[in-house]
Structures are given as C-alpha cells and as structure tokens.
Amino acid sequence: MPDKLTAAHLNIVAHPDDDLYFLNPDVQQAIRGGQDVIAVCVTCGETDGRNFRPGADPAKVPVDFPGYSAARQTGLRAAYAEMAVGDRKSRWTREALPMPGGAMADMATLDAAPHVRLVFLNLWQDGARSGDAASGRPKDLWEGRVRSIPTMAFRTGPATRPYAYTRDTLVEALVALIERFKPTVIRTMDPDPEYLKHAEGSERTRQHADSGDFADHQDHTAVALFSWAAVQTVNQRGGGAVVESYRGYVNERWPYNLSGTAFREKIRLLDVYGWADGGDCGEPDGCGDLRVAADAPFTGWGQSTTHRYPGNTSWLCAAPDGRLAAFAVRGGQAVMWGTGANGRFVESVPLGGGPLLPHLTATSTPDGRFHVFGVRMTLGRSTAEQRRSLVYASQTTPGGPFAAWTDLGNPADGTSAGPERARGIGMPVAVVGRDGVEVFARNAGTGLSSRRLGAAGDWGPWRDHGGGGIQDGLTAAVTADGRVEVFGSTAQSVARWYQGSPGGPFAFGTLHIAAPAGPPVVLRGDDDRLRLVVRQPQSAWVLVYTQIAARDGWDLQPRHLGGHGGFGPVAAVPMPGGGTALAHRNDAGNVSVARHNAEDTGAPEWGHGGPALLHSPALARDAEGRLVAALLGVDGRLHYARYTGAPDTPQGPWAAVR
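In terms of our numbering, the sequence shown opens at residue 1 and continues consecutively.
Read the hints as simulated data drawn from the structure, not as lab findings.
Certain hints may be false.
[What the hints assert, rightly or not] In silico lysine-lysine, DSSO-like type, Cα no more than 30 Å apart, as pairs:
#1 Lys-182 with Lys-4
#2 Lys-139 with Lys-197
#3 Lys-139 with Lys-4
#4 Lys-139 with Lys-182
#5 Lys-197 with Lys-89
Computed from a predicted structure; not experimentally measured.
Given the sequences, and given the hints that come with them, work out the whole structure.
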C-alpha cells in the first residue's frame, strides 16, 4: 500500500462506465488510499434506452431512457461502494447540488466512506432524444451547433425536474465543482484522440464505436474539452491541480498494458456495475448496466489504462556537475525543483509557459544549463481554433533564471495535415548531440519530426524523418561516438531512427522485436552499448534488449526482469561498475525499484514503496553518484528517495517538497 498522502481527486467523464473502463486502476488506488475521490459524470449515457444482456433481442426490450440511465447510475454507485468498502450494497446519501445557471445535479455520498462522492449532471447524451429537435450531443454544444442540452428528469431521486446546460453554463458547472472540492488531481478523458483512417478487413483499423476517423467516442472527446476548459479557467484564478488525461476506445488497438491481476480486478468491478450477478438491490429500474455484464472482457477497452500524454522519464535531469532538476506541470504551468548544496531538493520555482499539457521533458548542456520542453494547449470552439504547439525555455546561466518561453510551433504547420490532425503531436523528448540540443516529437502522420538549436541560439526548421504508426512516448539517446538514436513503439514492433554519423541525417528502420506495451526507454550503459527497456503486453513485466556491441546489431532475445505490474514507461539509468537501475509504476500505485546486472541470468530483487504517484517515476545519479528516484505525488509535491546500496531499499524515508 502506498504511503498515505493528503490529496483529492476529481474525475470528469462522459458516461457512467468510463472511469471503470479507462481510469481504473488509478481511481481504485486513490479510494483505497483514503483520499477524497469525486467522480463527475456529465451525461446519462441513455443510448437507445434499452437495458438488456448481450445476446438478447433488443426489439423485445421496451425503450425507457430514464429507467436505463437510472440503472447505469445504480451500477456505478455499486462499483464505487465495492471499491471503497467491499460491499456493493453499502448505503449512499443522495442530495440535490445546485449548479450555475439554475440546474440541479445529483450528488451521492457513500455513508461508510464519505470521502467518496459521485456527481451526476444528467445531460442527455443526445438532447434530440428528449424531444427537443434543436438539441444535440456534447460535441454539438462545444462547437456551437446547438444552444443547449437538457437534463433528464428521473422518476426518483434528487433530479426529477429537467434543466438545460448551455456551453458556458456547463463549463461554469465544472469550474464550480473544481473550486468546491479543490482537487490536487483532475482526471479527464482524451481531448485529442488518435487519428486513424478506418479500413474494412483490418482488425486494427476497422470502424468499431469510433467517431469518424478518430479512435474514440465523440462524447469522450467533447467532455474532455469541456473539462480542460474548466481546468484552464480555474488555473487562471490560481488553481494548482495536476491533470491526467486518459485514452478511450483506442486501447483496443495497441498491445494491452495491464497485468493479469489488474485486468481481472478491473473486469470484476465492471461486472458489479453491469449487474452480472442479477441480484436484487431494491431499485425499481434495475441494479446495473446489463449491456456491459459478461461483455466487458471482450471489448479490448479494459485491458489497458493509457495516459493520453505519457511522455517519458526524462522529466528528472542531471547536469554535468551532478546537480539535479525535476520538472512538472502544476496548475497548467511549469515548475522546477532543483537541488541545493546539500544535494536535497528545494521548494519549486514557477517557470510559467502555460497553458501546458501534463508532461515536460528536460535535458542539460555541457555548460550546466537546463533546457525544458512541453506542449501548450490552446482551446477553441471550432477545430480551426484548436492548437497544440511545442514550447521551450532554458536557463540563461547555470543555476540561473529561465529566459522567456519560445513557441516552436507544430510539425504540422505548413503541411496538409490540418488543425484536427495536428492535435496528435506527441510529447517531446530532447537530447544534446554533437550539434547541440535537438527536440523530437511525434507528428500528425505518426512519424518523427525534430528541430535543432543552432550555435547562435536560433532554432532550425521542423524536419520530417519519416516513419509512421508510432504510439506517443518517444525515447532518445546519444551514442558514445555522438550519434543520436530515437525509438518509439508501434502496434507491431519498435521503430528506430538513427544517424550514420554525428549531426548527419536520420535513417528509419525497425527493431524486429515483439511490440511492447507502451513507450520504450533507451539508455547507454557504461559499456557504451544501448539498452532498450520495455514492458511485456498482458503481464506488464519489464524486459530489456541489449546491443550486441556498440554500433552493432541487437540481441533480439530480451532479458525478463519481472517487476510488480503497473503501466507506463520504465525509468532506467546506468550504474557505476556496470548494471542498470530501474524504476516503474506498479500495480499498487507506487514505485518498484531494482538493479539489473548484465551478467545476471534471472530477474532482480524488486523493492517497492513510497507514495502514490502521477505519471511515471524517474531516476538519476547525483553529484556523489548515488541513485535518486523521484515521482510526482498525487498531492502535487515532488517526492524523492536516495539509494546508497542495493536499489531495492532506499536510504531513509521518501522526502517531499512543495
């Protein structure tokens, strides 16, 4: 169990099962940690108003929009009660919660665990089904095609009268909830879904429940945009939460990243939500969403939990003299924690740059200056007004202040990709090669693009290095002879871009290994060979692939290093005397750490502990050569631990700094 932290989580989803499919196990870990958890569901998810088990004849089931929606909400309350106290029938207290514009939400508080609350705004998923032909879906509301969406009037409970939300009042309602509950963590669905041209006959690209050529449900996207609009409004008023966004239906199209244990637990809770046992809960409209019962294991959605902006583990960075700096986004702005003379991190320094997406990457130059990169999110009502641009800031002197942020644009600028596909820009990774700083990002065509900082301090143009089909989360390293290599996961293998000579053009190739579950991490060992650390699909085990020799091919048989489940990239750094230190997010929601030596034939001993984290952990070696593990806690603070011996046991407790 992670160390107990004071934190609050606000999760905003479109439909009553979204958090169970796409946000768990993160939600369950927060509940088990005793932290405040507030789940906000924007729409009723009424679909066609029929509640039936898979395989039944829908035509024989009467249409009952309020009844089916009520059953879905009952099922969600049961699943949250099961997560919190192990009793799906545990009692809830429901009350009307006034919202801006005069609407009333349905707020339920779990009596046996009052830190758990559910808030239903009860918008019709499609307002036209309410009988208002001028209404529509959340996407229509966001883009201004409809003026309002009505709420559903239920037969029982606190929401028995209809109201209506405009675009502005829906944003204001989400702002009011954020300001009321003051979360340290806000979770949303995916505002920038994966572009995927559908094709019949291809399992990976066939049309499932996606919206056009974007691999997610349109309601997920629209509600995520409303959520981010509310977040940015609160941040302008001084809010300081950390945001995590999650992929939706696209989970089915990539190798599954959860361990068997985590997947089974996710499905168990979906079965509770889906009323799989058919038991009586005393609710006249039913006890769950029968359409999910028995079907959840086969959709491909629940087998993974995927952060929309996964980035990499280079948010912790070491300068040549051993000074460390950690970077994160809090309240939509960049912050930095640096180490003082005693090697301990000091209170964070605001760097601005916002409104930023959740991930930053950093590197340091030989002169000791830190350089940080992120992606700025500009929201707009229309597709053309949406913009995602890579931004950059650097220290003016080693240890000194940062200069103003520079907007480096988007690789899609000036191309035919269009603004909607341009939102697919990936989180950056940067390295310092022979020619200076170079930053890489996935482009709109899901290939690789980069910009290079010249000696005079000016940035060169975007260069397209080809490739395609890569998942977000790049990793890069500089070889002993000064060449840069970049890696990214695809649905079939790992893509590789490499220079033939320092500063030269990049060639594109494929590392023919089994497709990993999520982003890879590359490092150069003390023997100058590159190592690629990945996770095995459906087990989340850590695997490492090693070059046969520097500038040579790769051993395509991995070392199986085990681990403790979890998802996301695995942090890795070389250790003095050979070997690699590793850290990963685990199934408990905190960190597992180990050391792997090249001569070892078995899996290392993994230690685990520390507080609950966001994003992924990072590793570095300080000025004394000690291993330092760092994470961004769910309380918004930096937490770190030092290791002087074996990495499975830290030297003393984890320290925290605001």
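Evaluation of the provided hints:
no., hint, in the structure
1, Lys-182 with Lys-4, "holds, 18 Å"
2, Lys-139 with Lys-197, "holds, 20 Å"
3, Lys-139 with Lys-4, "violated, 39 Å"
4, Lys-139 with Lys-182, "holds, 27 Å"
5, Lys-197 with Lys-89, "violated, 44 Å"
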